[in-house]
Amino acid sequence: MHPAFSVIFLTTLIGAGQGLFLALFTGQVYSLLDFIPAQDHQTFYGLGSFLALFLMAGGLIASFFHLGHPERAWRSMAMWRTSWLSREVIVLPIFMFFLALYGLIHYMQWTQPLFHLSASIPVDASLLVGFVATFVALVLFVCTGMIYACLKFLQEWHSPLTVLNFTLLGSASGFTLATVFAAYTAPDLLAFYLNWALILTVLAAVGRGASLLRNAKLRGRSTPQTAIGVRHTKVVQKSQGSMGGSFNTREFFHGKSELVVRNMRTLFLLLVFPLPIAFLLIGQANDSAVVLVAAFVLQYVGLIAERWFFFAEAKHPQNLYYQQIS
Amino acid sequence: MAQLALVIDLNVCVGCHACVTSCKEWNTAGAAGPMTDQSAYDKDPTGTFFNRVQTYEAGTFPNTETIHFPKSCLHCEDPPCVPVCPTGASYKRKEDGIVLVDYDKCIGCKYCSWACPYGAREFDEEQKVMKKCTLCVDRIYDLNKPEEERLPACVMSCPTSARLFGDVHDPESDVSIAIRERAGYQLMPEWSTHPANHYLPRRKTTMNIHQDELIRADNPLKKEGLLSDLPSDKQTLDETTSW
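Chains as they are written, first to last, in this note's numbering: chain A, 25 to 350; chain W, 1464 to 1706.
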């Protein structure tokens, strides 16, 4: 498949945005249970939510560049019964709404307890909205992943690992960003977020590694023989019916050499997993926020490479019909 | 319910591209048009087509066979492109099974083309909507045309009659009989899309001659091959015997 940068930025930006929100809310729940110190509503939760919202908006804007008719984008909410893309289009703004509400409640400090759970845990509006937003964020991860995982003949994508990896990679980048954010706004939470970022990055490495291993063993179910229905051990295309290429040659081929694809894999395997882990640990040891920022930037750039490779490694069966210009 | 479809006979397709050009001509001027081209008379010409003829070769030289292979939307009975469309612009008509795109609803997200294993959908780079074969829906129901012309443009133009058109759900239609009696098959059956379009395989007319047909068991002289010429002054057996 041809990697489209609009989709690469959409999926990586909203992944990081969802992850950052999950990090903030995890922190709130932990502090509620007195595992970690409570943070300022305005500077930590409020601004943190707005940062996540900023990432989500960036992803949303990027997605419009993918459309031929962005002015009709509202129509894409119609087919939610059958289309995962439609579901994502619905869930994305719902998440942004609850995220904005969550940030606003914190920022405006509308956090007087509404009632108490087991007499000691105060429940305020932000907690309730946060729970809803967490659920919606996870649903959004599923929708985004299923857009790719539901296409059964794109065998590289047609796996639960696709959904898992979108969730883990998004969460890992979000928690790494939360670590950076905590370094500037809530230093006493740095270790908490850093440990979660490490755990999620390792889990994401396991998930992505598993899908790489799975995809390396895949054999295409479609062959030139099934494509045209001629039973012969050797069937080759001599002409694809056009000389200057077509939509089919532009949309479904990455157009880069095998070397570029392999290098991209090496690049993202370094940038997404070991380097951020090393930079996070170095940043913590040296108490250097700049090194932590570098960890997030490296991981995000790595995720762009990861998403590029995700598209490039998927071999569409229609390519069997577009092998040769003569 | 009816399911209109094409049946393409690979045995007689000569790869002349008449179906490609007549499809383009009809549809660029018709209700589905225009089908825009980019740099049509320049380097790397490209454009939108509903139908393409491709050429394949089976075997290794000198024992090769050339297969001309026209490919358009197969109007699958279980089309994977339709449920993924977020706007409902892609739909399959209940009354005749034609898969169509509503150009006024299409947002050009290209997701349906990802969901088609056959590469039958092409994005129009100028109109920014997805396009595909309509089975000439604006021809086949046009009551202003004489009945024999209510056929897809590609079928009308095929000089070898390699393209048949009809309802594959009617067991007595020409297309159903052709599929049934001439081993019609579907493309990429592994994805369970159940394409409505079928292809008829290439066939060779061969004669099997066995050894006992060459050496006749009932040869009265027990001798095969040409008889040697008798000298002209000798009598032949026919002239001496009344049998």
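In short, the hints are calculated from the structure, not lab data. Where is the CB? At the ideal position from N, CA and C, for every residue including glycine. Each hint should be verified, as a subset may be incorrect.
[Said to hold, decoys possible] Distance windows between CB atoms, simulated: (1) W:His1657 <-> A:Pro117: 47 to 55 Å; (2) A:Leu294 <-> W:Arg1666: 50 to 58 Å; (3) A:Tyr208 <-> W:Asp1567: 47 to 55 Å.
[What the hints assert, rightly or not] When the alpha-carbon atoms are kept at most 20 Å apart in a straight line, the in silico PhoX-like pairs for lysine-lysine are as follows: (4) A:Lys339 <-> W:Lys1667; (5) A:Lys176 <-> W:Lys1573; (6) W:Lys1573 <-> A:Lys258.
Discussion item. Name the hints, by number, that the structure is in violation of.
Written reply: Hint check: 1, 4 and 6 fail, others pass.
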